[in-house]
Each structure stands twice: as C-alpha cells, then as structure tokens.
Amino acid sequence: MNTITQQKTTCYHCGDLCSDRSYQTGDKTFCCNGCKTVFEILNQYEMCEYYEINAHPGLQKRGTERADKFAFVDLPEVISKLILFTDGKFTHVNFYLPQIHCSSCLWLLENMHKINAGISKCRVDFEQKEVYIVFDETKLSLRKVVETLDSIGFQPHLSLQNLDNKKINQPDRSRWAKIGIAGFCFGNIMMMSFADYAAGGLGVETNIALFIKVASVILSLPVLFYAASEFFLSAWAGIRHRYLNLDFPVALALVITFVRSLYEIFTGIGMGYLDSMTGIVFFMLIGRWLQSRTYQTLSFDRDYKSFFPIAVAKVIDGVVSHVPIEKIAVHDVLQIHSNEIIGVDAMVSKGMANIDYSFVTGESMPVSLAIGDLVYAGGRQVSGIVEVIATKPFSQSYMTNLWNQNQHQKTTEIRENIYDIVGRYFTYLVLSIGLVSMIYWWQSSRLDLMWNAITTVLIVACPCALLLAKNFTYGNLMQVLSTNKFYVKSADVLERMTKIRHIVFDKTGTLTDVHQAKVNYSGEALDLGFYKTAIASLLSQSNHPASKAIVAFLQPSEILEVEHYKETKGGGIEAWIDDHYFKIGSPAFVQHEINGTQEIGTNVVVIVDHSVIGIFNICNNYRQGIRGLMSKLKNAYNLSLVSGDNATEMDAIRQMFGLKASVLFNQSPSDKYEYISALQAENTGCVMMIGDGLNDAGALKQSDVGIAVADGSHTFTPAADAIIDGESMAKLYMFFQMAAYGQRIIFATFAFAAIYNIVGLYFAVQGRLSPLIAAILMPASSITIIAMSYGLVSLLAKKLNTQKDVYSQTIQQIP
Amino acid sequence: MSVIIILLLVSLTIAAGFLIAFLWSVSTGQYDDLKSPSERILFTDKSKTKK
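If you read the sequences in order, they're chains A and B.
Using our numbering, you'd call the opening residue of the first sequence number 814 and step up by one each time.
Using our numbering, you'd call the opening residue of the second sequence number 40 and step up by one each time.
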C-alpha cells in the first residue's frame, strides 16, 4: 500500500489538499491554476473579504479555460432565450449557479459590480441558487457577464432544458397568504367564542352574542372559500377520477360543520363550531406547508437535455463557429475539446479520442478510438482536442432515442397511498356509526336529536387527525433526512419505501466512486526515489486514465526528462530515462503473465531494462461503507446488480451481494429497464432502483422508487424520486429504517388522536355534544398530534445519529 | 351598546391591520427567499460609499 507521507497543504481557495507546490502567490498555496486565477482576480479588485467570511469558500476550478468557451452566448438564439427583459440599455437576466453554497458566495456575487462596472445590480436567491443580474447592455455583452461569472468560479448552468422552459421562478406566495388568513380568522373567532364558553349555561348578553355571531360568520367565510379551497379542489378532482381521497372526508366535514354552525347561529341554539373549523384549516395548512417544503434547489426531473451542451464548435473550412446543438446537420465537422460532451452520434475524423462513457453506458474505463471509429452522443472526451463528423442529427442520436423510447412507456396510473385507504375505511366506519345512531333516534321519534347526532358525528369524524399526523411527521422526517444528504421528492416516496422488497443497484458511479480509482502496487520498493520519480515522469506524458491514476497515486515531487518516448495505443508506453529503458503497460504489451490473484481491475506492469520491477493494480474504489451496507441489506431485501460494465469485478460483487442475488454485467440501458419491468411483473413487492447515469434513467423511472446518486449538489442527476449524496450511500439501510419508523409514528400518533375522536363520538351519538366539548377536543387533538409527531421524529433522529457513530467506527476498524 | 362590542371592534381592526401588513409583505416577495437576507445583513460595507 501507499506509504508516502507528505506535509499536507490545503488550497487557500477551495480547501482541497494540494498535491504539489507549483501554484503559489505570496504565502498562499493553491491546488490548481483555476483556484489561483480566481484568487488573483479577487485580489486585483480588493475583494479578498470573500476569504474572510468563511475559510476556503471556493469550489475547485480545475482545468485551463479556452477563450471561446462561451462563444455560443453570442448567438442570437441563445441570447433571446436567456434574457428576461431588456429596455435597450438595461438587460435583466437570471442564471442558475449550482455552486452557490455559503455566505461568501452571496457576498461575492452581490459585489460583482466592483469587478465589472457594467453590472448594475446583482441579487442572489440563496434557496433557488439563482442570481438575478441587471447589466448595462451598451457597456458589456451577455457573453462578458457569463465570462465574468465563470472567472470568479461561478460557471452558470446553461443547458437546453433550462432554455426551453425559461421562467422566472415564482414561489407560491398564495400558500403564505392562506396560512395568514386562516390564522387570523381562527384566532379572532376563538377569542370571541371564549365569551360564550366562559358564560357557561348562563349565556352571553343578547346584543353581544349577536355581534359575536355575525362577526364569526363573516370571519369564517374567507377561510372556507379561500384558505380551504385546495381541500375542495383536491376532493373534487378525486371524485372526478372515481376515487375517494383523504381530502374528501375533510371537505365533507368542513361543509357540514359550516352548515350546521349557520343553522345553530340563526336558530339561536348556540354559537356553532366555527372556531374548530377554522382552527383545523389553519393547522392542516401548516402541516401541508411543512411537508411540501422540499428542496427547491434540487431538480428531480431533469431530462437528458440538461446534460448536453447548448452549442458546439463547428468547423467550416478551418474556421470555427458556434452553432446550437439542434442545428447540427449530418456531415458537419465538430470540434470537441477535452472534458466536453459529444452532442451527437459521430465519427472520429482527427485526433486521439479517449471517450468516457461511464455516464451513458456504465463502462468504468474510457475507450480509446481511432480515426474512423464511431462515437455516441453523451460520451465525454477525456483529454485533447478531437474532430468528429456528425452522422446523425441531435434529435435522432442514440441517447435521444433511448430517452424517448422509455418516456412514452411511463406509467401514469395514480398511485393510491396507504393513508387514502385508511382514511376511506375510516370514513365508511364513521358514516355507518352516524347511520346507526340516526336510525336509533329516528325509531325513538327524537328527530331533533337525530339531526344533532348525525351532524356532530360527521364533524368529529373528520380524519384531519390522520392528515395532520401524516403531514407533520413526514415534513419533519424529510428535514432530518435532508441533513443526512438524502433528499426525497415528496412524502409519497417515503411511504413507498416501506413497501420495497427488491433493490437493484448500478455499479459504476453508484457502488463505486468514479473520481477515485484505487491503485495498489506490488513489487520492488519504490520509496527509494529514482524509480518512483522516473515512473511518474514517464506516465505523466500519457493521457491514458490508468497513467493518470498512477501519477496521482505516486505524487511525484519532480519530473525527470524523458527521451525517445513512444506510446502504443491500447498497450502502453516505452522510453529512456537516465540510460534506463522503461516499458510500462498492459500485461499483453510487456509480454508478462500475471498470476491469478490480481485479476480484478486493470493491471499495469513496469519493466526496467527487461526485468519486471512491479505491478500496479487499478480497480474501482467502492464507496466507503458499501460492504457494511450490503451485509445489512442482503438479509432484509432481495438484491440485484445490473451494470453496463464488464464482468471483471464479479467475485468482489458476489462477495458483497451474497449468493442469492442476481448479478448481471454488460447490460444496455434498455436491458436495465426491462429487468425492472420483469421484476415488477412478478408482483413480489415494490422495486427500488439506485443508479447515477443516463443509462439508468429508464430504469429509475420505471422502478417504484428511483434513487439517483450524486457526488456534490451540482452534478447532473437523471430524473428520480429521490437524490442521495454519494457520501451517504452507506446510510441507505438507516433511511429504510427511518421510513418504516415514520409510518409507525404516524399510526401511533393517529391512534392517540383517535381517542379524542372516540370521546367526541361518545357524546355525539347521544346527541349531546356541546360546542364547549367540541371546542376543547378539536384543538387539543391537533396540538397533541403536532407535539407527538415532532417529539417522536426528533427522538428517532437522535437514536439514528448515535447509530451513525457506530457506522464510522466500524469503518475505521476494518482497514 | 356595550363597551365590549367597541373593544372587540377595535381589536379586530388592529388585528386586520397586521393581517394586511402580512399580506403586503407576502405579495412583495419578502417570503420568497428566507435564507439570503439573514446572511446579507451580516456583511459590512468597507468602502462606505453608496449602498
């Protein structure tokens, strides 16, 4: 194993470890040129306060930039799609900057006018991760604005999808207004009703009583017709689809409470239950707000378009111009720079193509292609510039077809959740209780009591308790999960998670960390210096990913001069250093047999002067804690692995997944999709898919719960029901437990609250539920639910957090 | 007319005033982004020129 120790220096800008000291300004060290440039720009404009607000506030900005990287922003088509409004002088534009993460970012962006005087206003929306910029069109172009943002480390996320549905994100303000109005009306009606309760049997003076009654009715109107409108709309939508949702009994109870209250007030019997009615609406709205407070910054339904570039560099007679990706025609010559994504299916015509398909197909190692080979859209050029000739337009390329093919098969059935079912039985039960008591009183010829009984039964029976329990518990639970970097799209996802019986994993990028290859070295000791530096110097000449991984592993302190360097594609390299002949490459290239133990992964053999020095073994690095996670999961669920990669790691996977699991390699995106469908057709329970790439997109959509894995918040994730941060993969089992506990909490809370309803029902069937009892029972049950759900979820979070410490301990123990 | 009714009217009017203030603040977008203002207020402007 690697025993190289080095004094650790962290980058002043981003806080990453610096591998060497080549990037320095004054006493500050940077990890890469990008970070250093950002610092220099900020220093130039005296904006280093950025670094004072938070330590290492930046994000790593690797790679060298090309001057025409944003040339496409000059295209009229792109400009017209980006700009929100312009009056010829001042132009308003909105960018999504996924890099925004701390208060330093906020400060820097809002002080952009110091860097470029043409920018007159810059306003950050932290929750949306958006920046709203007003700039002077006569002084600078839109491209310049984008370039300025990019130069300080905030590259705007410009993608086709963003451009196509450009909208000013208007948050739902009516929700706040509804809560405010409901709260106001509830509070005031309650306050006035106290007079009546306090008077007890004596009754309030007639004048005052009349005033209170009129005021209560007036105040209840906006609640019923405005604040509670969403319950009526949702209930009505359910009825139209011939299905009773949980909102139906709620809406019914609201109407009956209101009508009954009006009846009581106008006939002079009493004050009605308007305070209870408005109170319930108020609490339920808060519950809904809590549950819907999802993560606005995360996008759960990106499609493939947001993955592709907006424009590509097209070469006509040796001159490069930028064209929107949709306008590429067959036979166009395109120039692809390193780290760019190839937008259309094409054929390599010039240069060395090293295409990383890990995102599209799941292959972990990049593919080297020669002139004349075909490249598929979605591949990423690893290094160097390459020219390709388009063989298909964008709309017909492999990726686009694949996506659209899965798209129209998407199931559109309404998934009924367990709460709707429980709520419905609850409603039936209560309706029959109401019916029985009605018949009873009718037979005893007490018609007055009969009406009294049936209405109060319905009022008491409102399953608001269940709704409240659900909304508050899931709302709190989602909050807890998000602090653990697991973001679910909606509460329904948590409910469906409890029904999962089968989990299907993707390998590359999901179980493994694609950014970190694990390098092992066996052979003669390298610490002595010369060999280590020589090997590193040699390999640093090559762009092959294996070479790069080894160089990163060796961390050379100096680079030696290399002579007679020769690279054989798909084989290895040979060269002379200090009169020693080095030959490094695959076992086939150096003609050296490797014994069985090192079959996993890629092997690189080092030969110096015709004798073998040692062997580097590069294999996928499994995410931390994956083994522990699997050992827990395999007892509770059926596991599968469906990977697009080759079967070299079969044994390692087998070990983790157990003998029962089905492990499939070399699977195409549609194979993955079919596999999920086949599992679902077996009807043995819900299927969960966990994947990260575009090749998993179809399977993620088809599965009952699709979880996308993301490394960092601004990487592309395909459409999914939930997004999990790569670091949190090991906690997946814990998230399953939480979802299951969450459901138990809801039912426990509901059962507890139901006691109030039973007490209420006891009085109601006898036809003597007084407004006083109703007025006490309703808010008391609501508050109990809120307190219980909040308390239990916090308790659960605490318990699981201590469990988390156990996780990290076991990781440290097992090397 | 009892004094209670006047008191109720006064209290309702005051409360309605606050409700209107709340609705105004919602409609002008003060509840759109709850995170940035709390950070923004902590920055001190060193140059002390215009806002």
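FYI, nobody ran anything at the bench for these hints, they're computed from the structure.
Misleading hints may appear alongside valid ones.
[Stated by the list, open to error] Once the Cα atoms are required to be at most 30 angstroms apart in a straight line, the calculated DSS-like pairs of lysine-lysine come out as:
1) K74(B) with K934(A)
2) K74(B) with K927(A)
3) K1298(A) with K74(B)
4) K894(A) with K952(A)
5) K74(B) with K894(A)
6) K1140(A) with K894(A)
7) K1611(A) with K74(B)
8) K957(A) with K902(A)
9) K1331(A) with K1312(A)
10) K74(B) with K1205(A)
11) K1302(A) with K1331(A)
12) K1447(A) with K1345(A)
13) K1612(A) with K74(B)
14) K1302(A) with K957(A)
15) K841(A) with K902(A)
16) K1361(A) with K74(B)
17) K1312(A) with K1298(A)
18) K1345(A) with K1361(A)
19) K841(A) with K894(A)
Evaluation of the provided hints:
no.: 1; hint: K74(B) with K934(A); in the structure: 19 angstroms, holds
no.: 2; hint: K74(B) with K927(A); in the structure: 24 angstroms, holds
no.: 3; hint: K1298(A) with K74(B); in the structure: 19 angstroms, holds
no.: 4; hint: K894(A) with K952(A); in the structure: 20 angstroms, holds
no.: 5; hint: K74(B) with K894(A); in the structure: 28 angstroms, holds
no.: 6; hint: K1140(A) with K894(A); in the structure: 16 angstroms, holds
no.: 7; hint: K1611(A) with K74(B); in the structure: 26 angstroms, holds
no.: 8; hint: K957(A) with K902(A); in the structure: 15 angstroms, holds
no.: 9; hint: K1331(A) with K1312(A); in the structure: 36 angstroms, violated
no.: 10; hint: K74(B) with K1205(A); in the structure: 46 angstroms, violated
no.: 11; hint: K1302(A) with K1331(A); in the structure: 33 angstroms, violated
no.: 12; hint: K1447(A) with K1345(A); in the structure: 42 angstroms, violated
no.: 13; hint: K1612(A) with K74(B); in the structure: 29 angstroms, holds
no.: 14; hint: K1302(A) with K957(A); in the structure: 36 angstroms, violated
no.: 15; hint: K841(A) with K902(A); in the structure: 41 angstroms, violated
no.: 16; hint: K1361(A) with K74(B); in the structure: 41 angstroms, violated
no.: 17; hint: K1312(A) with K1298(A); in the structure: 22 angstroms, holds
no.: 18; hint: K1345(A) with K1361(A); in the structure: 14 angstroms, holds
no.: 19; hint: K841(A) with K894(A); in the structure: 41 angstroms, violated
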